[in-house]
Every structure is written in structure tokens, then in C-alpha cells.
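Whole structure, please, built from the sequences with the hints as guidance.
Taken in order, these protein sequences are the chains called G and Y.
When we follow the working numbering, the leftmost residue of the first sequence carries the number 1, and every step to the right adds one.
When we follow the working numbering, the leftmost residue of the second sequence carries the number 1, and every step to the right adds one.
Mixed in with the good hints there might be a few duds.
Simulated crosslink set (DMTMM-like; lysine to aspartate or glutamate; CA at most 25 Å straight-line) [said to hold, decoys possible]:
1) K102(Y) - D86(G)
2) K105(Y) - E55(Y)
3) K83(G) - E108(G)
4) K78(G) - E14(G)
5) K3(Y) - D56(G)
6) K102(Y) - D82(Y)
7) K105(Y) - E108(G)
8) K62(G) - D74(G)
9) K78(G) - D63(G)
10) K102(Y) - E14(G)
11) K44(G) - E66(Y)
12) K52(Y) - E103(G)
13) K3(Y) - E14(G)
14) K78(G) - D57(G)
15) K71(G) - E85(G)
16) K102(Y) - D56(G)
17) K3(Y) - D57(G)
18) K69(Y) - E103(G)
19) K83(G) - D63(G)
20) K102(Y) - D57(G)
21) K44(G) - D82(Y)
22) K52(Y) - D86(G)
23) K44(G) - D74(G)
24) K71(G) - E14(G)
25) K102(Y) - D74(G)
26) K102(Y) - E55(Y)
27) K83(G) - D56(G)
28) K105(Y) - E103(G)
29) K52(Y) - E31(Y)
30) K15(G) - D86(G)
31) K62(G) - E85(G)
So these bits of chain Y aren't anywhere near chain G, every CB distance computed over 10 Å [stated by the list, open to error]:
32) K3
33) N23
34) T56
35) T65
36) S70
37) H77
38) R81
39) T99
40) G101
In short, the hints are calculated from the structure, not lab data.
The structure displayed is predicted, hence computed values, not measured ones.
All C-beta atoms in this analysis are idealised placements derived from N, C-alpha and C, irrespective of residue type, glycine included.
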Amino acid sequence: EAGVAQSPRYKIIEKRQSVAFWCNPISGHATLYWYQQILGQGPKLLIQFQNNGVVDDSQLPKDRFSAERLKGVDSTLKIQPAKLEDSAVYLCASSLVSGRTGELFFGEGSRLTVL
Amino acid sequence: DAKTTQPPSMDCAEGRAANLPCNHSTISGNEYVYWYRQIHSQGPQYIIHGLKNNETNEMASLIITEDRKSSTLILPHATLRDTAVYYCMLSGAGSYQLTFGKGTKLSVIP
Chain G
1 EAGVAQSPRY KIIEKRQSVA FWCNPISGHA TLYWYQQILG QGPKLLIQFQ
51 NNGVVDDSQL PKDRFSAERL KGVDSTLKIQ PAKLEDSAVY LCASSLVSGR
101 TGELFFGEGS RLTVL
Chain Y
1 DAKTTQPPSM DCAEGRAANL PCNHSTISGN EYVYWYRQIH SQGPQYIIHG
51 LKNNETNEMA SLIITEDRKS STLILPHATL RDTAVYYCML SGAGSYQLTF
101 GKGTKLSVIP
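This is how it looks when you write it as C-alpha cells:
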């Protein structure tokens, strides 16, 4: 079974530029999450989708971050304009809606460096 | 804020059991205890979860105290590949939303 795919793995941009990250969840997983992990900290939830609807985006900085999940499958996370403090690893995860374990499957992440 | 408390770091000798504690004194009746780990430069990986009974799978055992205010993750025979940050978290049934703290950095020593 293929895992959660993310791209790009690494991205370096200058502040005020824009960047987009892509995530393809495990087939059949209705729930998709984006997490931000700053160096030395645990991941922080940015947004949770169920199918193509937003369940929770309370911690998403909406003035610069946006995310969409068209057709309830792939998702993109965009940052525009980027700030220095956005340097982090952006993790995508997916899960079954009614999974027996409630297990989240994470991708390897996209590492963003803002100069 | 994370609802669990874990020691920031622990060492364990290779081949010995690693016992990772977690305090969750404000746990609600419908909240599960979840454990994940994150190996360097990888995404977090699910290990195990439980409600009130002890649980065991191929990776680890989870011991939850009777009052559910604390738990221990046990890796029975730690290997070098178990070196990682281990996160203990709570999640309500069906919500599948996890709040990560800083976790415990486990170092397995040869």
C-alpha cells in the first residue's frame, strides 16, 4: 500500500515570496491533515479536512496561509507571502474516517527554509 | 496546550526494555491515550493506543493506570533503530485530532 506522498521535499525561498506544497493521501482516506513542525518542537495542526470540507482551521494563519482539497483527494498548502518564522517542516497526514484505530499516517514532510 | 507531561529525554541500553512514562491527570472519560514516535527526518509513526485496558502489539505495550492519570509505553527489547522522539497524546473517540507536545527523546545506547 502506497503511503502519503508529499512534494517538494525541500524548498528554499526568500521572505515575501510564495510557496506551495502538495499532498496525496492514502487511497480511500477521507480525512487529511496539515501540520507545521518548527525545529525542536512537536507538530502543530494547521488544518483538518474531511473529504473536501474543512473540519478545523483554527490554527491556520489565514492572512498568509491557505489550503484546499479539491475533489476530496489531493491537497495543496500555500504560503503567500512567506515570513522567516515560516521556516519549518510541513507534514501531511491522512486517516480513515471511521478507522478502527484512529491511526494517522504521515508523509515524510516538506522542509521549507525562508531566507 | 498539550494535555500530557513527558520527561524531555531518556537513555536505554540496547536490548533492554525501554519504559517511557506519561502523565495525563486531566484525561476525560472518553479520551484515548495515543503514542507516536518520530525518527529523525521522518514523519511521526503510530505505535499504539488504549482507553483503559493494557494493550500490546508487535511494536510495544501500553500500560494505563487504573485511575487513567498516567501511562507507560514499553519497548521490550530496544534496538538502535528505536532512537526517536516519542509522543504521548490524548484524543477523543472519533475525533482523530492529535495535539503534539515536545515528547521524550529516547536514545538507545549500544
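message: Hints numbered earlier in the text: which of these fail when held up against the supplied structure?
response: 10, 11, 13, 15, 22, 24, 25, 39 and 40
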